[in-house]
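Protein sequences, first through last, are from chains F and S. Everything in the first sequence is counted per numbering that gives the first Met the number 0, starting at 0 for the first residue and increasing by one. Everything in the second sequence is counted per numbering that gives the first Met the number 0, starting at 0 for the first residue and increasing by one.
Some hints could be false.
[Unchecked claim] Here are the in silico distance ranges between beta carbons for each label pair:
(1) Leu-435/S <-> Ile-99/F: 33 to 43 Å
(2) Ser-51/F <-> Pro-237/S: 17 to 27 Å
(3) Phe-93/F <-> Leu-435/S: 34 to 44 Å
(4) Thr-373/S <-> Pro-9/F: 51 to 61 Å
(5) Lys-56/F <-> Met-431/S: 23 to 33 Å
(6) Ala-187/S <-> Ser-51/F: 51 to 61 Å
(7) Trp-288/S <-> Thr-28/F: 37 to 47 Å
(8) Thr-28/F <-> Gly-225/S: 31 to 41 Å
(9) Leu-26/F <-> Gly-225/S: 33 to 43 Å
(10) Gly-104/F <-> Arg-423/S: 18 to 28 Å
(11) Pro-9/F <-> Leu-94/S: 47 to 57 Å
(12) Lys-56/F <-> Gly-225/S: 14 to 24 Å
Hints listed in this document are in silico derivations from the structure and should not be mistaken for laboratory results. Don't be surprised by glycine CBs; every beta carbon is placed ideally from N, CA and C.
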Amino acid sequence: MKYVIAMIQPEKLEDVQCALKQKGINLMTVSQVMGRGRQQGITRVYRGRKESGDLLKKIKIEIAVNDDYLEAAIESINSAAKTGKIGDGKIFVFELEQCIRISSGETGSVAIG
Amino acid sequence: MEKREGGYRMKRAIALIASLAVVFMSDSAMAEHTVDSLPVSAGDTSFVLMSAALVLFMTVGLAFFYGGLVRRKNILSILMQCFFVMCLLSVQWILFGYTLSFGPDKGGIIGGLDWIGLRGVGLAPSPDYGSTVPQFAFMVFQGMFAVITPALIVGAFAERMKFSAFCVFSIFWAFLVYNPVCHWVWGAGGFLAEMGALDFAGGTVVHINAGIAALVIAIVLGKRAGYPGRSIPPHNLPFTVLGAGILWFGWFGFNAGSALAADGIAAGAFVATNSAAAAAGITWALIEWIREKNPTTLGTATGAVAGLVAVTPAAGFVGPVSAMIIGAGSSILGYIAVAYIKPALGYDDSLDAFGVHGVGGIWGALATGLFASTAVNPGGANGLFMGNPKQLWLQFAGVAVTIIYSLIVTFIIAKLVDKTIGLRAELRDEQMGLDLTQHHESGYTVLD
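The whole structure should be built from the sequences, with the hints applied where relevant.
Take a look at the structure:
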């Protein structure tokens with residue numbers, strides 16, 4: 000079991016969701032976060048005062064997958080979120096030790112899907 | 000023994016309050032209806048009362064105009080300051096403010112205490128103040144001006160002033176600055192009025208007065224923690240735009256209502272008000288379009304307010320085209336003030352109360368001396384462009400007197416409050432936000 004965290008551009012969320020769905024991956028947690036990598040902040044102007052915020056709005060997607068779905072998950076996020084410019088985001092993959100479905104008490108791979 | 004003493008003190012306090020109540024209640028609202036009292040016009044009265052309500056609504060608009068510009072953690076502190084001013088200054092106005100501002104003149108400087116607690120003020124019109132409406136209508140209309148003026152200053156000390164200090168400051172400022180200046184300009188016998196300075200709806204009394212006070216208190220109070228290095232972005236610009244819209248709407252009461260009659264002058268002031276706001280909004284947006292490549296909603300809203308400020312003293316004395324020039328000029332000067340002068344001098348007028356109201360007010364008062372025309376209002380005067388350079392000088396004198404007086408007295412009040420109870424919130428309170436530390440509330444919850 001793996002735990003995938005992807006940081007993507009907010010405007011790419013729908014594309015990524017679509018791509019994941021095509022591969023049969025429907026379960027995910029999405030949050031609005033602030034962050035930055037190599038991309039510069041966008042400059043905002045308030046009454047002539049320029050403010051370049053260090054942090055940008057990003058979307059964080061978290062997905063728990065069984066090993067055989069990992070490649071499909073990475074591939075769909077990667078292709079759907081990519082523009083080829085800096086700021087596209089990153090994908091992190093973690094080992095997932097355990098998964099428990101609270102309603103039924105099932106554990107392990109069965110509980111993920 | 001101790002208890003009995005406490006009881007005695009309590010009795011004395013009650014007796015004092017009771018005797019005060021007797022003083023205030025006798026006569027109030029019972030001005031005699033003599034046969035020869037001036038006739039009341041139903042049209043004028045309904046117009047002035049509606050205008051008073053519109054002006055009150057401006058303070059609500061101002062609360063949201065300012066509220067959107069602060070950070071999330073300070074939204075309630077702004078709304079509370081504006082709302083509390085509505086309560087505090089209404090009470091001050093009824094008890095003392097009205098008589099100090101409009102009571103029988105004492106040497107052109109201040110009104111006498113004859114109308115304390117509105118004694119003798121009532122349903123009959125006053126020959127000096129809106130002679131076709133009950134004096135109550137004039138009084139309550141003017142009361143709304145007394146309310147919004149200290150609320151304007153809120154923009155300068157936003158996000159860092161202690162609430163208690165704010166209350167004390169506002170009350171002292173009403174007594175020592177607003178009431179006297181109001182008397183000078185609008186009171187019968189007030190020396191600026193006698194001199195011939197024109198101020199149709201309060202450019203001097205309200206906007207210059209509050210704008211200068213804003214600059215002074217911003218300097219005395221010091222900058223917000225993290226200013227100017229850290230980013231302090233507005234948390235809700237939709238609030239700000241809504242607030243600006245409400246201000247624009249309410250300003251029709253402020254300016255047209257100042258005619259104190261539902262007549263042609265009121266209609267002229269209404270049109271001038273709208274013309275100035277519109278031209279000023281476009282001007283600010285255009286400046287940004289050229290300089291920053293994009294016009295902003297905040298800039299357009301700010302411009303409209305700057306135009307409304309500038310046309311205030313001129314509204315009943317100028318035509319629509321002059322009003323548009325006055326509005327556009329206010330946006331240009333306001334933009335220079337907030338985008339160049341403020342950063343260059345380094346003071347933290349958080350929400351540009353000086354940049355918009357002070358600068359716009361000064362420009363508007365002077366512009367009245369340029370554009371005023373007796374063709375528009377026979378009761379007014381001609382300005383420089385109508386061949387009367389003296390009017391510009393009178394306007395300048397009115398502006399200078401107000402600036403100097405407001406500057407000095409506001410400085411003294413601010414210093415006094417600072418030395419006694421302290422003006423500024425603790426650093427940690429400021430960092431946590433005034434909503435939580437001054438009012439034990441949050442404007443927004445994280446969950447639900």
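Range hint compliance [Cβ, Gly-104/F to Arg-423/S, 18 to 28 Å] | Given range 18 to 28 Å: violated, Cβ gap about 57 Å.
Is the hinted range of 31 to 41 Å satisfied by the C-beta distance from Thr-28/F to Gly-225/S?
-> holds, 33 Å
Do Thr-373/S and Pro-9/F keep their Cβ atoms within the hinted range of 51 to 61 Å?
-> At roughly 60 Å between Cβ atoms, Pro-9/F and Thr-373/S fall inside 51 to 61 Å, so the hint holds.
With 14 to 24 Å as the target window, see if Lys-56/F and Gly-225/S comply at their CB atoms.
-> At roughly 21 Å between Cβ atoms, Gly-225/S and Lys-56/F fall inside 14 to 24 Å, so the hint holds.
Just tell me: holds or violated, for the beta carbon distance of Ser-51/F and Pro-237/S against 17 to 27 Å?
-> holds, 23 Å
Does the Cβ pair Ala-187/S, Ser-51/F satisfy 51 to 61 Å?
-> Taking Cβ atoms as reference, Ala-187/S and Ser-51/F lie about 56 Å apart, which means the hint holds.
Supplied distance hint 47 to 57 Å, evaluated on CB atoms of Pro-9/F and Leu-94/S | holds, 55 Å
Determine whether the Cβ-Cβ distance between Phe-93/F and Leu-435/S falls within the hinted range of 34 to 44 Å.
-> For Leu-435/S against Phe-93/F, whose Cβ atoms are near 36 Å apart, the range 34 to 44 Å holds.
Outcome of range test on Cβ distance (Leu-435/S, Ile-99/F; 33 to 43 Å) | holds, 37 Å
Assessment of proposed distance window 33 to 43 Å (beta carbons of Leu-26/F, Gly-225/S) | holds, 41 Å
So the hint says 23 to 33 Å: do the beta-carbon atoms of Lys-56/F and Met-431/S match that?
-> Distance hint for Lys-56/F, Met-431/S holds at roughly 24 Å.
Using the Cβ atoms, figure out if Trp-288/S sits within 37 to 47 Å of Thr-28/F.
-> holds, 42 Å
Hint 10 alone, counting from the list given before, is not met by this structure.
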